[in-house]
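Undergrad: Protein sequences, first through last, are from chains A and B.
Heads up: the first sequence begins at 8 in the numbering used here, then just goes up one per residue.
Heads up: the second sequence begins at 8 in the numbering used here, then just goes up one per residue.
Be aware that a few hints might be false.
The list treats identical chains as one, so a pair stands whether inside a single copy or across any two.
When the alpha-carbon atoms are kept at most 16 Å apart in a straight line, the in silico EDC-like pairs for lysine to aspartate or glutamate are as follows [as the list claims (entries may be wrong)]:
(1) Lys-9 <-> Glu-118
(2) Lys-60 <-> Glu-118
(3) Lys-52 <-> Glu-105
(4) Lys-60 <-> Glu-16
Hints are computed from structural coordinates only; laboratory data are not their basis.
Being a predicted model, the structure only gives us computed values, none of them experimental.
Single-letter residue listing:
There are 2 protein chains.
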Amino acid sequence: MKSFGSSKEFNFGKDIQWDEVGDGVRRQIMAYDDTIMLVNVEFKKGGIGQMHKHYHAQVTQVISGSFKVTIGDETKILNGGDAFYIPPNVLHGAICLEDGILIDVFSPIREDFME
Amino acid sequence: MKSFGSSKEFNFGKDIQWDEVGDGVRRQIMAYDDTIMLVNVEFKKGGIGQMHKHYHAQVTQVISGSFKVTIGDETKILNGGDAFYIPPNVLHGAICLEDGILIDVFSPIREDFME
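Build out the structure end to end from the sequences listed, making use of the hints.
TA: Here you go:
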């Protein structure tokens, strides 16, 4: 597997660009090495994380807002303080019900975010 | 390596216990499998994450509050919106300057938190 090295050790939010990913969603890649990657994802109400899957394991903390989250064939509403786990290769997606922020963390690194 | 399986997919903050870890610090294990683990860590002002190291890679998002963070021989002050990366086996620690919350994520799972 190609190596992407690692992020800096200290990463200040004001210094890191936000990437628009469409559908009322933008993300900020905060910290990573080849084994792990942490990404802030900001959603506007109505923003959509389309159903998709990847081989990476994913853990997500809901920081604020409200989200209708689907993992496999189950859908629940999660709010600030809640979290979810997405096993490798399981279809998942989210619809933002109230403006909010998710912390998405992947293992290993999302190579597709680095290109 | 021993397997700990995985957390549930949907995890509601109100349902998950906080573990006191002393020094004005408590934590809540939100989501995991053997490859990744996400933990909320709440600090009171003056709370201390003692200097320590582990073989896991770590990424941390500062959600709120203010922290004096040491990684190796470098120390910086981080606030909400900032993040840090701790390479495997590097000494690190934090002192809480203002009440706050960190999202600590590890790869692989912190076996020591499961016992």
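Undergrad: Against each hint, give a clear statement of whether it holds in the structure.
TA: Here is what the structure says about each hint:
In this assembly of identical chains, the alpha carbons of Lys-9 and Glu-118 lie at most 16 Å apart only when taken from the same copy (9 Å versus 28 Å across copies). Taking the shortest Cα distances, Lys-60 and Glu-118 sit within 16 Å of each other inside one copy (14 Å), while across copies they are farther apart (27 Å). With identical chains, the CA atoms of Lys-52 and Glu-105 are at most 16 Å apart within one copy only, with a shortest distance of 5 Å there and 31 Å across copies. In this assembly of identical chains, the alpha carbons of Lys-60 and Glu-16 lie at most 16 Å apart only when taken from different copies (15 Å versus 29 Å within one copy).
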